[in-house]
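Whenever a hint applies, use it, and build me the whole structure from the sequences.
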Amino acid sequence: MSGLAGKSVGELLLLYRDGAARPAEVVGDCLDAIDSRDRVAGAFLEVFRDEAMARAEELGKEDPGRLPLYGIPVAVKDNICTCGLPTTCGSKILGRYRPPYDATVVERLTAAGAIIIGKTNMDEFAMGSSNEYSAFGRVRNPWNEEYTPGGSSGGSAAAVAAGMVPAALGSDTGGSIRQPASFCGVTGLKGTYGRISRYGLVAFASSFDQIGPIANDAEGCALLMQALAGPDGRDSTAIEEDCPDLLSGLDAGLADLSFGIPEELGSWDLDPAVASALDEASRAVAAAGVAPETVPLPGMEISIACYYVIANAEASSNLARFDGVRYGMRENTGSLGSLYALTRTAGFGEEVKRRILLGTYVLSAGYYDAYYSKALSVREMIRKAYGAVFSRIDLLMLPVTPGQAFLLGEKLDDPVSMYLSDIFTTPANIAGLPAISIPAGLSADGLPVGVQLVAAAGREDVLLRGARGLEKLFRFRERSVPGGGDA
Amino acid sequence: MAGGAGYVTVIGLEVHAQLLTRTKMFCRCPAAFGEEPNTMVCPVCLGLPGALPSVNREAVSMAVRLGLALGCVIERESAFARKNYFYPDAPRNYQISMYDRPLCTGGSLVFEDEGTEVNVRLERIHLEDDAGKLLHGRGGHSLIDFNRCGVPLAEIVTRPEIHSPRQASLFLRRLRQMLRYLEICDGNLEEGSMRVDVNVSLRRTGDDALGTRTEIKNLNSFKAVEAGLEVEIKRQRDELESGGTIVQVTSLWDAREKKLVTMRSKERAHDYRYFPEPDLPLLIIGEGWIEEERAKIPELPLDRERRFRREYGLPAYDAGVLTAESDIADYYEETANLTGEPKTSANWVMRDVLRELKSTGGDIGGFPAGPAALAGLIDLVKGGVVSNSAGADVFAAMIESGESAADAVKRLGLECISEVNELEEIVDRVLESKPDEVERYHRGKKQLMKFFVGQVMKESGGKADPLIVSGILRRKLGE
Amino acid sequence: MKLTDMEFGDLEAIARVDLDPEERDRLRLQLDRIIGFVRKLQEVETGGTGADGVRGGATGGTVTQPAADEPGDCLDREEVLGQAPDREGGFFRVPPVIDREDGGMES
Numbered sequence: 015m016s017g018l019a020g021k022s023v024g025e026l027l028l029l030y031r032d033g034a035a036r037p038a039e040v041v042g043d044c045l046d047a048i049d050s051r052d053r054v055a056g057a058f059l060e061v062f063r064d065e066a067m068a069r070a071e072e073l074g075k076e077d078p079g080r081l082p083l084y085g086i087p088v089a090v091k092d093n094i095c096t097c098g099l100p101t102t103c104g105s106k107i108l109g110r111y112r113p114p115y116d117a118t119v120v121e122r123l124t125a126a127g128a129i130i131i132g133k134t135n136m137d138e139f140a141m142g143s144s145n146e147y148s149a150f151g152r153v154r155n156p157w158n159e160e161y162t163p164g165g166s167s168g169g170s171a172a173a174v175a176a177g178m179v180p181a182a183l184g185s186d187t188g189g190s191i192r193q194p195a196s197f198c199g200v201t202g203l204k205g206t207y208g209r210i211s212r213y214g215l216v217a218f219a220s221s222f223d224q225i226g227p228i229a230n231d232a233e234g235c236a237l238l239m240q241a242l243a244g245p246d247g248r249d250s251t252a253i254e255e256d257c258p259d260l261l262s263g264l265d266a267g268l269a270d271l272s273f274g275i276p277e278e279l280g281s282w283d284l285d286p287a288v289a290s291a292l293d294e295a296s297r298a299v300a301a302a303g304v305a306p307e308t309v310p311l312p313g314m315e316i317s318i319a320c321y322y323v324i325a326n327a328e329a330s331s332n333l334a335r336f337d338g339v340r341y342g343m344r345e346n347t348g349s350l351g352s353l354y355a356l357t358r359t360a361g362f363g364e365e366v367k368r369r370i371l372l373g374t375y376v377l378s379a380g381y382y383d384a385y386y387s388k389a390l391s392v393r394e395m396i397r398k399a400y401g402a403v404f405s406r407i408d409l410l411m412l413p414v415t416p417g418q419a420f421l422l423g424e425k426l427d428d429p430v431s432m433y434l435s436d437i438f439t440t441p442a443n444i445a446g447l448p449a450i451s452i453p454a455g456l457s458a459d460g461l462p463v464g465v466q467l468v469a470a471a472g473r474e475d476v477l478l479r480g481a482r483g484l485e486k487l488f489r490f491r492e493r494s495v496p497g498g499g500d501a
Numbered sequence: 058m059a060g061g062a063g064y065v066t067v068i069g070l071e072v073h074a075q076l077l078t079r080t081k082m083f084c085r086c087p088a089a090f091g092e093e094p095n096t097m098v099c100p101v102c103l104g105l106p107g108a109l110p111s112v113n114r115e116a117v118s119m120a121v122r123l124g125l126a127l128g129c130v131i132e133r134e135s136a137f138a139r140k141n142y143f144y145p146d147a148p149r150n151y152q153i154s155m156y157d158r159p160l161c162t163g164g165s166l167v168f169e170d171e172g173t174e175v176n177v178r179l180e181r182i183h184l185e186d187d188a189g190k191l192l193h194g195r196g197g198h199s200l201i202d203f204n205r206c207g208v209p210l211a212e213i214v215t216r217p218e219i220h221s222p223r224q225a226s227l228f229l230r231r232l233r234q235m236l237r238y239l240e241i242c243d244g245n246l247e248e249g250s251m252r253v254d255v256n257v258s259l260r261r262t263g264d265d266a267l268g269t270r271t272e273i274k275n276l277n278s279f280k281a282v283e284a285g286l287e288v289e290i291k292r293q294r295d296e297l298e299s300g301g302t303i304v305q306v307t308s309l310w311d312a313r314e315k316k317l318v319t320m321r322s323k324e325r326a327h328d329y330r331y332f333p334e335p336d337l338p339l340l341i342i343g344e345g346w347i348e349e350e351r352a353k354i355p356e357l358p359l360d361r362e363r364r365f366r367r368e369y370g371l372p373a374y375d376a377g378v379l380t381a382e383s384d385i386a387d388y389y390e391e392t393a394n395l396t397g398e399p400k401t402s403a404n405w406v407m408r409d410v411l412r413e414l415k416s417t418g419g420d421i422g423g424f425p426a427g428p429a430a431l432a433g434l435i436d437l438v439k440g441g442v443v444s445n446s447a448g449a450d451v452f453a454a455m456i457e458s459g460e461s462a463a464d465a466v467k468r469l470g471l472e473c474i475s476e477v478n479e480l481e482e483i484v485d486r487v488l489e490s491k492p493d494e495v496e497r498y499h500r501g502k503k504q505l506m507k508f509f510v511g512q513v514m515k516e517s518g519g520k521a522d523p524l525i526v527s528g529i530l531r532r533k534l535g536e
Numbered sequence: 041m042k043l044t045d046m047e048f049g050d051l052e053a054i055a056r057v058d059l060d061p062e063e064r065d066r067l068r069l070q071l072d073r074i075i076g077f078v079r080k081l082q083e084v085e086t087g088g089t090g091a092d093g094v095r096g097g098a099t100g101g102t103v104t105q106p107a108a109d110e111p112g113d114c115l116d117r118e119e120v121l122g123q124a125p126d127r128e129g130g131f132f133r134v135p136p137v138i139d140r141e142d143g144g145m146e147s
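Chains as they are written, first to last, in this note's numbering: chain A, 15 to 501; chain B, 58 to 536; chain C, 41 to 147.
It is worth saying that the hints were derived from the structure and are not from the lab. Please note: incorrect hints may appear among the correct ones.
What the hints assert, rightly or not - With a straight-line cut-off of 27 Å between C-alpha atoms, the simulated DSSO-like cross-links for lysine-lysine are:
| no. | chain 1 | residue 1 | chain 2 | residue 2 |
| --- | --- | --- | --- | --- |
| 1 | C | LYS42 | A | LYS106 |
| 2 | B | LYS315 | B | LYS190 |
| 3 | A | LYS398 | C | LYS80 |
| 4 | B | LYS190 | B | LYS280 |
| 5 | C | LYS42 | A | LYS398 |
| 6 | B | LYS315 | B | LYS291 |
| 7 | B | LYS491 | B | LYS515 |
| 8 | B | LYS439 | B | LYS507 |
These numbers come from a predicted model, not from an experiment.
This is the structure we're talking about:
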């Protein structure tokens with residue numbers, strides 16, 4: 015990607031500080047890139063052209079050194095509330111809903127000098143792994159139009175990958191930042207549960223949801239994370255402690271970090287590109303210091319079932335508020351009961367209904383103990399297993415997904431198979447741990463595959479340092495560009 | 058208490074007390090009433106997508122105080138839970154309540170039923186948020202106002218240990234008194250700041266198993282609680298006696314028609330699916346917080362009542378009346394301490410002050426004659442400056458004008474005529490003008506003494522002391 | 041174990057959705073498969089780990105920090121009602137509420 019829009023966050027900040035670029039130029043370039051590329055990609059649901067330009071002009075009068083995200087255009091996933099501007103969650107049921115308030119992350123981005131450039135497409139209510147469950151059309155993978163960008167933050171990942179914007183916000187409930195980042199060849203970070211306030215993120219599964227950055231590199235993620243993280247009195251689940259300094263130690267290298275690779279990986283059928291990326295990373299880590307040790311990680315397989323039970327139980331309750339009474343669409347009828355049912359039946363897509371029904375089932379009288387309650391126990395077990403792992407090592411290294419991006423339509427008829435592709439991402443959500451997806455290489459089909467790192471709770475600093483180290487090794491960005499194969 | 062021959066009535070209560078916090082349970086909208094509809098709302102209490110609850114510390118504090126006052130265990134860790142149901146007054150279509158880990162457990166409330174102390178144990182006290190209000194609009198539509206939505210409620214749940222409608226009412230009166238003493242709820246059943254749901258079943262005497270219970274809602278006065286229960290108990294008894302079975306239903310009390318209206322039950326759509334509220338981590342109440350709240354608890358009604366009897370020598374009835382409301386008790390105590398005359402002060406407060414408050418509907422806080430003013434009046438009466446009967450007029454004048462007792466006495470010229478000469482003249486005048494009565498008196502109709510005293514009092518404009526007058530009369534009439 | 045028509049109908053009623061027959065058949069089959077998949081949970085030996093220890097969501101150790109009882113800002117009513125599909129004056133409006141499931145209707 016040439017042009018300013020394709021630069022990394024760090025590169026743009028340097029250009030600003032050197033006086034080599036102005037926010038209005040960068041925003042202009044992003045808008046041009048969106049105009050020329052998004053017709054095919056379908057990454058954006060809404061572009062705040064005038065607002066972004068006005069904000070860029072305003073920022074032009076300020077000192078670039080004062081704000082940590084000065085003039086950085088950021089695309090925001092459409093399940094994050096933007097005051098007075100459409101927020102659809104990729105669903106028909108919200109109609110033309112405009113929230114009367116900004117999410118905490120939107121406030122923080124703006125305060126840090128970033129410019130919200132638009133809202134990105136997503137699987138409806140973040141339920142999906144291919145972005146095909148959006149009510150507003152599919153998103154195409156910038157590397158190959160026949161493939162999905164992954165999901166549910168597919169629009170955000172595609173927008174960054176296609177060089178339309180240097181950074182974006184996604185949300186990750188079971189891998190929804192990391193998986194599309196991997197499929198699109200960009201870097202996606204999910205922090206420790208509670209690291210970033212969820213206030214203003216339309217809830218899918220409250221105890222797993224985390225907002226996080228998607229950018230061209232680990233530094234971009236670190237810069238955004240640093241600005242977004244921190245306690246928030248409006249979110250009781252937000253961590254009270256301040257986020258550690260993510261930037262000063264970023265380039266400290268891999269030398270004194272200890273890595274682990276899950277023992278159970280061997281039983282999975284991994285795409286050769288994924289396996290070789292892991293091997294490469296493993297060798298590099300060994301070369302830099304200590305060879306990764308193999309660590310037992312029980313419960314990986316069961317984590318998917320655990321995740322789907324808890325996530326959908328919470329979702330069935332979180333999505334009850336969409337009923338056609340206070341906002342969004344309504345199917346008008348003469349009785350309240352049918353108003354609810356008709357509105358929700360027409361307003362929700364099939365995947366959302368499927369999950370609401372599953373969530374309702376596992377919470378209902380007679381099944382609660384066998385499913386929901388049991389899943390909570392399993393979650394606790396998995397959390398303990400991870401705790402034990404991180405008492406031995408600093409970083410866990412594993413694939414993001416077993417394979418490359420899937421073809422559009424490939425898994426639509428097979429929900430369970432779609433769910434299973436989240437096998438490597440959901441454990442970090444279940445255990446509430448920070449995790450990052452780093453682009454590692456290309457598959458035989460020329461599609462990106464990533465490697466995932468997971469750190470102990472609260473150690474985003476270690477996570478990002480490891481990610482930065484691997485990124486320098488993979489040199490993915492220098493070697494590959496979408497549509498161009500290996501550079 | 059029998060629910061009729063062969064049956065024992067078993068009643069349990071669930072009371073919702075609206076807490077007097079400044080803001081709502083999970084957001085910082087004012088918990089204000091009487092405002093324009095839908096103006097006291099924010100993303101949180103409207104359940105807008107993305108908004109999250111944050112717990113009001115004061116609401117927790119108030120519930121802790123209530124728990125301590127009722128002898129509950131304050132749970133060091135409690136948890137909020139979601140109660141899921143679709144209803145247009147619940148904007149999230151779930152209520153944030155507490156389920157398997159309530160804030161307070163155990164405890165009890167003591168009250169007196171016909172001279173016997175009754176101790177009803179409590180199941181739990183938990184916190185939750187109130188729903189909005191539904192009103193009838195044009196064309197049968199329903200209208201929703203969310204101002205009340207999110208106002209904190211403490212739900213107090215008793216064990217099924219109440220055995221008559223009267224006991225239920227007595228329990229509720231005592232609970233209301235507690236809530237008001239603690240200043241955490243104004244306890245107004247009519248206005249719904251205190252709401253009562255009852256459940257009732259009949260158990261065959263000698264049988265251990267509880268009968269099927271039914272529930273009654275919409276009981277918005279103590280009278281309604283009693284009446285609703287009477288009706289339901291009779292219905293259950295009739296049903297059982299005619300060989301029928303009790304079906305678990307919920308009814309609404311229609312106060313106007315004095316009857317129960319059974320609600321349509323929607324079994325299928327009726328599964329609350331309680332689960333832990335993922336937006337709110339555990340609520341931890343440390344020892345420090347508990348002690349902080351314990352220190353704020355005032356002397357409680359029963360303790361105060363007992364102390365009034367002990368310390369002021371008041372009869373049980375007086376002590377009960379005077380401690381019904383803490384501000385009245387304060388008023389009484391200050392008056393009694395100023396006068397040093399506890400029983401006389403009690404009489405004044407119970408008779409004159411409470412009657413005045415009842416007729417004007419005012420509260421003691423805004424009462425024009427404070428304890429010092431009333432004590433002044435009591436002192437004047439005691440010192441013989443004002444007669445007991447003139448005292449009532451002075452009191453009326455004081456609350457009318459707000460002046461002190463001494464000023465009112467002076468202004469109205471109600472000082473007692475204590476000059477014997479002056480009184481003797483009046484007595485002579487009265488006796489001269491009533492020769493027939495004097496004649497009859499001498500013939501033995503001694504009851505006429507009262508008549509003569511009355512006449513003298515009238516002549517004196519009420520300023521004479523009746524005791525002195527009767528002394529003079531007796532002497533003049535030759536006794 | 042398969043969901044009966046009755047059970048599936050109950051789920052729809054509780055969740056307030058009303059599927060058309062074709063969608064119902066499809067979703068029921070899928071739900072059967074998914075439930076079969078998540079039933080694996082029951083085979084997991086979780087030892088003494090009760091669900092109770094899990095309170096606090098994914099945060100584990102995080103606890104609620106109660107907020108001070110200080111009034112904040114409310115929303116502008118027009119902004120709120122402007123989003124409503126139906127309104128009457130200062131109120132949200134819905135078709136008649138005939139019966140309530142949880143307490144009495146205000147009048």
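Which of the listed hints are not met by the structure?
Per hint list: 1, 5 violated.
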